[in-house]
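**Q** Next come the chains, spelled out residue by residue.
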Amino acid sequence: MSLRLNNLVVTHGGKVLVEADQLDFERGQPVTIVGESGSGKSLLAHAIMGTLPPNLTARGTLTVDGRSYDVGDQSNRRGLWGRTMSLLPQEPVLALDPTMRAGEQVAEGALTFSTDKRGARRAADTLLSALGLGKASRAFPHTLSGGMAQRVAFAAATIGGAPVLIADEPSKGLDQRARTELAELLRSHLDGGGVLLTITHDLDLARGLGGKVLVMKDAHVVEHGPAGRVLAQPEHPYTRRLLAAEPSHWRHPWMRNPLDVAERTGAVLVSGEGLSKSFGSEQLFSDLSLEVRAGERIALSGPSGSGKTTLGNVLLRLLPPDTGTVQHADVLKRGRLQKLYQDPALAFPPRVQLKDALGDVVRRHGLDLSRIEELMGSLRLAPELLHRRPGQISGGELQRIAIIRSMLLEPALVFADEPTSRLDLITQEETMRCLMEQVDRLDCTLVLVTHDDGLAAAVTDRSVTLGAASSLPVPVPEVQFAGG
Amino acid sequence: MTNAVAMHELSPAPAQSANRPHWVAGRTKTQLISAALLAALAVFAIAGPLAWPDHALQDLSRFLEAPSAAEPLGRDHLGRSVIARLAHATQLSLVMAVLCVSAALLFGTLAGIAAAWRGGWVDSVLHGLSEVFIALPALLVVLVVSAIANGDLWTLCLGLALAQWVEYFRMVRARSGLLLAGPAVEAAGLLRLGPAHIMRRHLFPELRPLLSTMATFGVGSSILALSTLGFVGIGVRPPTPELGLMITEAFPYYHEAPWMALAPVLVLTTILIGLLGLRSKESRA
Chain A
1 MSLRLNNLVV
11 THGGKVLVEA
21 DQLDFERGQP
31 VTIVGESGSG
41 KSLLAHAIMG
51 TLPPNLTARG
61 TLTVDGRSYD
71 VGDQSNRRGL
81 WGRTMSLLPQ
91 EPVLALDPTM
101 RAGEQVAEGA
111 LTFSTDKRGA
121 RRAADTLLSA
131 LGLGKASRAF
141 PHTLSGGMAQ
151 RVAFAAATIG
161 GAPVLIADEP
171 SKGLDQRART
181 ELAELLRSHL
191 DGGGVLLTIT
201 HDLDLARGLG
211 GKVLVMKDAH
221 VVEHGPAGRV
231 LAQPEHPYTR
241 RLLAAEPSHW
251 RHPWMRNPLD
261 VAERTGAVLV
271 SGEGLSKSFG
281 SEQLFSDLSL
291 EVRAGERIAL
301 SGPSGSGKTT
311 LGNVLLRLLP
321 PDTGTVQHAD
331 VLKRGRLQKL
341 YQDPALAFPP
351 RVQLKDALGD
361 VVRRHGLDLS
371 RIEELMGSLR
381 LAPELLHRRP
391 GQISGGELQR
401 IAIIRSMLLE
411 PALVFADEPT
421 SRLDLITQEE
431 TMRCLMEQVD
441 RLDCTLVLVT
451 HDDGLAAAVT
461 DRSVTLGAAS
471 SLPVPVPEVQ
481 FAGG
Chain B
1 MTNAVAMHEL
11 SPAPAQSANR
21 PHWVAGRTKT
31 QLISAALLAA
41 LAVFAIAGPL
51 AWPDHALQDL
61 SRFLEAPSAA
71 EPLGRDHLGR
81 SVIARLAHAT
91 QLSLVMAVLC
101 VSAALLFGTL
111 AGIAAAWRGG
121 WVDSVLHGLS
131 EVFIALPALL
141 VVLVVSAIAN
151 GDLWTLCLGL
161 ALAQWVEYFR
171 MVRARSGLLL
181 AGPAVEAAGL
191 LRLGPAHIMR
201 RHLFPELRPL
211 LSTMATFGVG
221 SSILALSTLG
231 FVGIGVRPPT
241 PELGLMITEA
251 FPYYHEAPWM
261 ALAPVLVLTT
271 ILIGLLGLRS
281 KESRA
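Chains as they are written, first to last, in this note's numbering: chain A, 1 to 484; chain B, 1 to 285.
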């Protein structure tokens with residue numbers, strides 16, 4: 001099995017979106033493409049699969065086992081889907097059919113499904129059990145966690161025995177543990193003799209997979225080489241910048257050494273005592289007591305589904321606890337307690353221009369309209385963005401506008417609920433920098449919900465960990481491919 | 001997500017025609033034709049009664065007179081001018097329908113927002129009331145109300161509004177419930193923006209497209225309901241011209257004067273086609 005891509009060019013109108021001279025893929029040798037959003041990473045994967053949006057034009061040749069395919073003709077690779085190539089889609093929770101049980105969706109991917117449904121279902125159950133999802137076979141996708149849905153999608157993508165697996169941002173939205181499991185799954189595909197192409201902006205995943213790394217920027221591959229070298233001693237300035245954007249490499253004036261602030265004892269802003277909360281039969285936390293003092297920077301961490309956001313909402317008194325009490329200090333009154341959301345697009349009224357959404361805050365509280373311009377400037381945003389609606393600007397920019405909105409009232413406490421978990425590394429650094437500069441300027445308290453330990457360490461002084469993750473190892477299936 | 005945005009930006013932007021007026025830009029051809037049809041009818045409903053003011057004047061010597069230049073639709077079995085009666089009937093139908101729909105829309109929307117916002121007993125009472133009205137057939141409600149007050153125009157209007165408010169109430173309640181529980185309203189609460197902001201920026205922009213589509217259909221169904229009542233003889237009382245009543249009255253003379261029965265049918269059809277064509281596609285969202 002070998003795969004080679006020659007002279008690929010993807011364009012829209014006259015604009016080049018992806019350009020790559022030659023890419024070789026070999027068995028057992030992972031290839032990982034890293035880069036920020038909009039660099040053309042995903043389009044490259046779709047160009048190989050033949051699933052580009054119809055308004056894009058592609059040129060180039062793809063050679064699979066000696067047979068050449070014209071990349072411009074999208075339909076000629078349909079016969080390879082499932083048998084030779086398969087795609088592990090972005091955001092598996094959205095990619096799975098919500099009305100079909102997990103096992104059935106996996107069985108559909110089996111090559112024998114049209115002739116032997118029972119055999120296909122048996123094969124699906126075997127594969128899911130091998131992935132530790134025996135019970136989830138009868139479950140609907142919305143009842144699965146992000147990591148479980150990822151494994152179901154993996155099973156569906158690999159049941160056909162396709163040796164070439166293309167994984168498009170597979171670690172997006174997964175917590176640390178699910179990401180480790182994912183890396184093991186992808187490795188198992190390689191160990192079975194498969195070809196793996198991973199598109200990601202997660203450098204840890206790229207390191208974990210090893211093999212070859214390509215760095216993409218503005219439609220071009222700017223650097224490539226073995227993962228160990230590229231991700232340790234980068235040559236291209238862009239790769240260096242990408243590596244510096246990892247939270248563990250951050251150097252900013254607002255960062256402070258946790259040891260220096262250990263003795264800080266500001267006034268208590270929020271105190272929760274004996275808190276517990278459960279949804280249905282699931283106990284998220286019980287008898288939890290927590291104090292947030294002025295000037296502190298606290299991380300709420302833990303795996304997804306452990307109740308971080310719920311605890312935050314209880315502390316903000318947006319949600320009543322089942323037992324226990326939450327006290328707020330008087331300084332938090334009149335809007336001096338603000339929240340940032342994971343998906344900023346949901347935190348703004350969707351059909352209202354941003355200038356009106358921000359203007360309302362200014363008018364309501366009798367502030368000066370020039371405050372908005374001033375903050376737009378210091379958060380390095382173009383003023384024209386205010387004339388758009390929330391859906392018309394990128395996630396990183398909208399999150400920065402959400403930061404501006406919350407900073408207008410000069411809050412004493414900001415609760416940030418995974419504000420950067422959907423952003424790529426460079427955008428994440430820029431967004432956190434904007435947030436922390438404001439936090440530092442106002443000497444405001446920060447409670448940051450995150451499942452990224454590196455980010456928590458870079459930004460906060462102490463961390464509250466919820467839901468100690470059970471450390472059951474996830475079984476890894478053995479894969480064998482015929483031919484080669 | 002980011003890639004979805006990128007793909008979205010790549011799709012060709014809709015052609016912007018800069019030199020067309022604002023209200024024409026972005027409308028489909030169907031919508032423009034429908035709007036023109038409705039505008040023509042509205043002109044007829046406003047100017048018609050002025051041009052042919054006397055709809056009740058009888059002249060039995062001109063019994064079933066055929067159409068002529070002075071009387072474009074001829075005269076009916078009592079020698080009354082059909083075009084005068086049609087103009088008055090169209091005006092009555094349109095005014096009544098708009099009044100009914102406005103009343104139902106206003107009450108249904110306010111009740112829906114109140115139920116979603118306050119919850120608790122307000123929600124229970126309003127929701128229970130709406131269940132009662134759903135259980136009753138709409139025409140029965142109208143019949144009961146108009147029977148109580150002996151067929152006056154305002155009771156017909158009230159009856160129709162009572163039959164219609166439920167759909168506005170249920171839609172607004174369901175949609176507002178979702179919006180009010182969402183993060184955008186939660187953020188507005190933390191920013192202390194107050195209820196007026198939530199109504200203006202969060203609820204109104206989301207509800208408006210849905211309500212305008214529902215109101216368009218509501219006008220159509222009110223006009224139909226009104227003429228149904230006229231047709232079976234329990235709506236507006238006779239000398240007042242009404243589309244349904246005119247159809248009933250014209251039926252016995254269909255062979256001698258088919259234009260008499262067809263004219264009100266044509267007006268009804270035009271109104272309904274116009275209203276159906278007017279609805280915008282965005283309300284699907």
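Certain hints may be false.
Claimed, not checked - Non-contacting residues of chain A with respect to chain B, defined by C-beta distances greater than 10 Å in every case (computed):
no., residue
1, 70
2, 232
3, 328
4, 338
5, 339
6, 348
7, 349
8, 355
9, 365
10, 375
11, 406
Unchecked claim - Which chain B residues face chain A? A few, computed with CB under 7 Å, are given here:
no., residue
12, 178
13, 199
14, 212
15, 216
Just so you know, the hints here were simulated from the structure itself, not pulled from any lab data. Values in this document were obtained by computation on a predicted structure and should not be read as measured data. Quick reminder that beta carbons are idealized off the backbone N, C-alpha and C, glycines included.
**Q** A separate judgement is required for each hint: does it hold in the structure or not?
**A** Hint by hint, here is what the structure shows:
no., hint, verdict
1, 70, "holds (22 Å)"
2, 232, "holds (27 Å)"
3, 328, "holds (12 Å)"
4, 338, "violated (6 Å)"
5, 339, "violated (6 Å)"
6, 348, "violated (6 Å)"
7, 349, "violated (5 Å)"
8, 355, "holds (12 Å)"
9, 365, "violated (7 Å)"
10, 375, "holds (15 Å)"
11, 406, "violated (8 Å)"
12, 178, "violated (12 Å)"
13, 199, "violated (11 Å)"
14, 212, "violated (14 Å)"
15, 216, "violated (20 Å)"
Hints 4, 5, 6, 7, 9, 11, 12, 13, 14 and 15 from the list above are not met by this structure, while the remaining hints are.
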